[in-house]
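Undergrad: Chains as they are written, first to last, in the working numbering: chain F, 2 to 426; chain R, 2 to 426.
Keep in mind that the hints are not guaranteed to be accurate.
[As the list claims (entries may be wrong)] Only part of the chain R face toward chain F is listed, based on derived beta-carbon distances under 7 angstroms:
# : residue
1 : Val144
2 : Gly145
3 : Leu178
4 : Ser181
5 : Ile186
6 : Ala194
7 : Leu228
[Stated by the list, open to error] Quick list of simulated restraints, FRET-style, between CB atoms:
#  : chain 1 : residue 1 : chain 2 : residue 2 : range
8  : F       : Glu11     : R       : Lys282    : 54 to 62 angstroms
9  : F       : Glu351    : R       : Asp168    : 41 to 49 angstroms
10 : F       : Met170    : R       : Gln143    : 25 to 33 angstroms
11 : F       : Thr15     : R       : Val295    : 41 to 49 angstroms
12 : R       : Glu11     : F       : Ser113    : 52 to 60 angstroms
13 : F       : Gly66     : R       : Ser356    : 54 to 62 angstroms
14 : R       : Thr331    : F       : Ile245    : 49 to 57 angstroms
15 : R       : Asp279    : F       : Glu11     : 53 to 61 angstroms
16 : F       : Gly66     : R       : Ser415    : 30 to 38 angstroms
17 : R       : Ser356    : F       : Ser113    : 54 to 62 angstroms
18 : R       : Asp332    : F       : His414    : 50 to 58 angstroms
In case anyone wonders, no lab produced these hints; they're calculated from the structure. By construction, the Cβ of each residue, glycine as well, lies at the ideal position given by its N, Cα and C atoms.
One-letter residues, chain by chain:
Number of protein chains: 2
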Amino acid sequence: MTGLTDQLIEFMGTSVPEDAAAMMRLSLFDWAACGIAGADETEFDAFVGAQLALHQGGHKVFGGGSTSAPTAALVNGTISHALDYDDTHFAHIGHPSVAVLPAVLALGEQVSCDLDALTHAATIGVEASIAVGLWLGRDHYQVGYHQTATAGAFGATVAASRLLGLDVMQTRHALGLCASMASGIKAQFGTMAKPLNAGLAARTGVEATVWAQAGMTAAQDGLAGPLGFGATHHGQGGNVDLPIDDWRINSISHKFHACCHGLHAMLEALRDTAAQPDQIKAVHIRTHPRWMSVCNIQTPNTGLAAKFSYGQTAAMALLGHDTGAIGNFTDAMAQDADVLALRNRINVSEDARLSETQSELLITLSDGSTESLRHDLMSPMSLETRAQKLRGKAAALLGEGRAAPLWSATQGHSLRVFLDQLVMS
Amino acid sequence: MTGLTDQLIEFMGTSVPEDAAAMMRLSLFDWAACGIAGADETEFDAFVGAQLALHQGGHKVFGGGSTSAPTAALVNGTISHALDYDDTHFAHIGHPSVAVLPAVLALGEQVSCDLDALTHAATIGVEASIAVGLWLGRDHYQVGYHQTATAGAFGATVAASRLLGLDVMQTRHALGLCASMASGIKAQFGTMAKPLNAGLAARTGVEATVWAQAGMTAAQDGLAGPLGFGATHHGQGGNVDLPIDDWRINSISHKFHACCHGLHAMLEALRDTAAQPDQIKAVHIRTHPRWMSVCNIQTPNTGLAAKFSYGQTAAMALLGHDTGAIGNFTDAMAQDADVLALRNRINVSEDARLSETQSELLITLSDGSTESLRHDLMSPMSLETRAQKLRGKAAALLGEGRAAPLWSATQGHSLRVFLDQLVMS
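Just chain F, with the same shape it has in the complex (with noise of 0.2 angstroms):
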């Protein structure tokens, strides 16, 4: 039995199955489109023009301009996050692409590789990524880490070593060196804090690995050691085997609602339904029990509240309104007249033999008939299925006209041509 930092030096070597990497491809796109759109909040020019300020050098960051390889994986990283619509794992517990992704892109044009290089060190990272978030564990998180920041700074200085091709003792110093710079904590939910987070570990990534290439060392195994990561951040530390038959990233999680992920398989459940807003009696929702202090807000006022609201966007759906689309969170729509009369119709409760991934729903209709709904978040969706709700959430972001073209270029060979989409105007 050896360690997981063994494993995970190890693992660096291991070919890309091709549906892992397919996979990547379609995060690679939901992540740019996430991206893209998040540098059009406006509350972030500020930090992002005083970061650039900071620094000069050739880097694409989101929304233009150029940076150093770190500034620019922080940047992105923390832009990519903005919006909160990446993608998760429930596992990891976290967003593995927002740190990753950032990390292997700065990194991508020094080297000069293709595309796929890219994604496949970027798949090597995210499932690292997951690893580690499963060895770190649930004590991890509910102490108060940000697992997306902590696991994910890993995640990324794997993918970047492999990038990179570190060799052994060069990947051993640049995990030893990301365990002193891994950090970030959940009192940042609900600040600018918490994207930035995503992006501190992108940068970590880019860090510690061009460090390691250049000779910096660090402890021998400072994540699962003595004194390491672990140890001094509640690290649960069990066994986590790597790689699996199939592979972690498999289980993704893509968002498809610009609202709490606490929301998605019941709106997901509803997608089926075949009933009409005006012959609707009642809606009864059931969930998991976490889920009811997480995003039952019941009379929501506001477009940030309609997003932690099961009534809101289920009134939201029923209706017609796109929950995948962010203008639809609007104070207006939290007010609209017919969204609140259907709204009023909807009651939630909790269900403890409900996982957090699943929820079901009993629609009762005016002339007393019911239909009953479940979905599962966990549930297999096919690759094909995925990209074409990925390609309709993009569309729904950037409009038709910019999400095709950066579909094709996440299709093809060339970072270039990926790399002019992110920052095409």
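Given chain F's structure and the hints, the job is docking chain R onto it.
TA: Below, chain R alone, put in the same frame as chain F:
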């Protein structure tokens, strides 16, 4: 009773007592000497080269070259801690200057401040870092956090916020941002990542402050609040008065010997001996139990091991080999016949009645007479005596030709004159 964050914010505007500011001048001088000497450590060249290659800018770093402000802070913090010869505060538990000074230096040029404003900001920052260190407490250190880096990052942030004139809300956010970036573990001890931890703390101070100034938001109390840095990082969170009448910076310990701090009380005690080496029959050293496993190597064979040996360093001091000169800690010195002969007549035992900063010696001479010596690193030392000792140390490190103008520069008002000293070849 207000929380630590409020205390820090309020404390930021406190005017600096003269003795504290004078102490800071000494630390500035000492720290700069450490950095200039540290730049000669070639093992860090590649790392510095990589860092400079990543960015561009006009901020000076030890050894010449210029870079962006955060990278200058990172490089200067790392390089100036490379020798582990910089100042210490035992309550902190850490090295305050290496985290705080690189941060204010990197930002000083941007606001065109003079050396007075810079050292005042640094004083505030050092005092803050000691307070944060006390607040985090021994548990935090014992579980594996490197307090120089963690508490240091908060100190650097406070110092930088002071220098840039952040308002209360901006400072709150700067501390909140720091809470997501402050990091560094003791697993790095013995590797290049140990000094890197100091550099990371300095960079965090620069970035958290500049970002907060640019409008970046973060947790309202990222340090001491729920899910904050203390709660997640094993902080004890006791009450810490700030400021106190006699500022804690005044009890900083400077290293006057190029070896483990556990040996310093003994070496200071030996300064007072009248014994001639050839008359010494035996030397009995008593020390705090903690040091027995840290720096009591009985038969060191290398210069590095010599730095952790009571017998070796006591013998060197008695034979007139300056323990303040790094160049004296060589393999040859560890194997020197005269040193070995004397070293064999020295024994060490633990004494739980002594504090960690105390040592007692009994020297027995050939004629049967004895001499008792004792020293406490905490015993008062006048600023004049301290200045004299530090100038001697700098001369041993750099030569008098460099030490003298550096001393003058640190006593003046011009930041430019001081910076020129740092990079002079």
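Undergrad: CB of F/Thr15 to CB of R/Val295, is that within 41 to 49 angstroms?
TA: holds, 42 angstroms
Undergrad: Any CB of chain F closer than 7 angstroms to the CB of R/Gly145?
TA: holds, 4 angstroms
Undergrad: For the range 41 to 49 angstroms, tell me whether the beta carbons of F/Glu351 and R/Asp168 fit it or not.
TA: For R/Asp168 against F/Glu351, whose Cβ atoms are near 44 angstroms apart, the range 41 to 49 angstroms holds.
Undergrad: Does the hinted range 54 to 62 angstroms hold for F/Gly66 and R/Ser356 at CB?
TA: holds, 56 angstroms
Undergrad: Quick check on the hint: R/Ala194 CB to chain F CB, less than 7 angstroms?
TA: Status holds, d = 4 angstroms.
Undergrad: Next item in the hint list is R/Leu228. Is there a CB on chain F closer than 7 angstroms to its CB?
TA: For R/Leu228, the interface hint holds, since the closest Cβ of chain F sits about 4 angstroms away, which is under 7 angstroms.
Undergrad: Should the interface hint for R/Leu178 be scored as holding, given a Cβ-Cβ cut-off of 7 angstroms against chain F?
TA: Result: holds, 6 angstroms to nearest chain F Cβ.
Undergrad: R/Ile186 was flagged as interface toward chain F. Is the shortest Cβ-Cβ separation under 7 angstroms?
TA: It holds, given that the least Cβ distance between R/Ile186 and chain F is near 5 angstroms, below 7 angstroms.
Undergrad: Double-check R/Ser181 for me: the hint is only fine if its C-beta lies closer than 7 angstroms to a C-beta in chain F.
TA: holds, 5 angstroms
Undergrad: Between the beta carbons of R/Asp279 and F/Glu11, is the distance compatible with 53 to 61 angstroms?
TA: holds, 60 angstroms
Undergrad: So the hint says 52 to 60 angstroms: do the beta-carbon atoms of R/Glu11 and F/Ser113 match that?
TA: holds, 53 angstroms
Undergrad: Using the Cβ atoms, figure out if R/Asp332 sits within 50 to 58 angstroms of F/His414.
TA: Because 55 angstroms falls inside the window, the suggested range holds.
Comparing the model with each numbered hint stated earlier shows that all of them hold.
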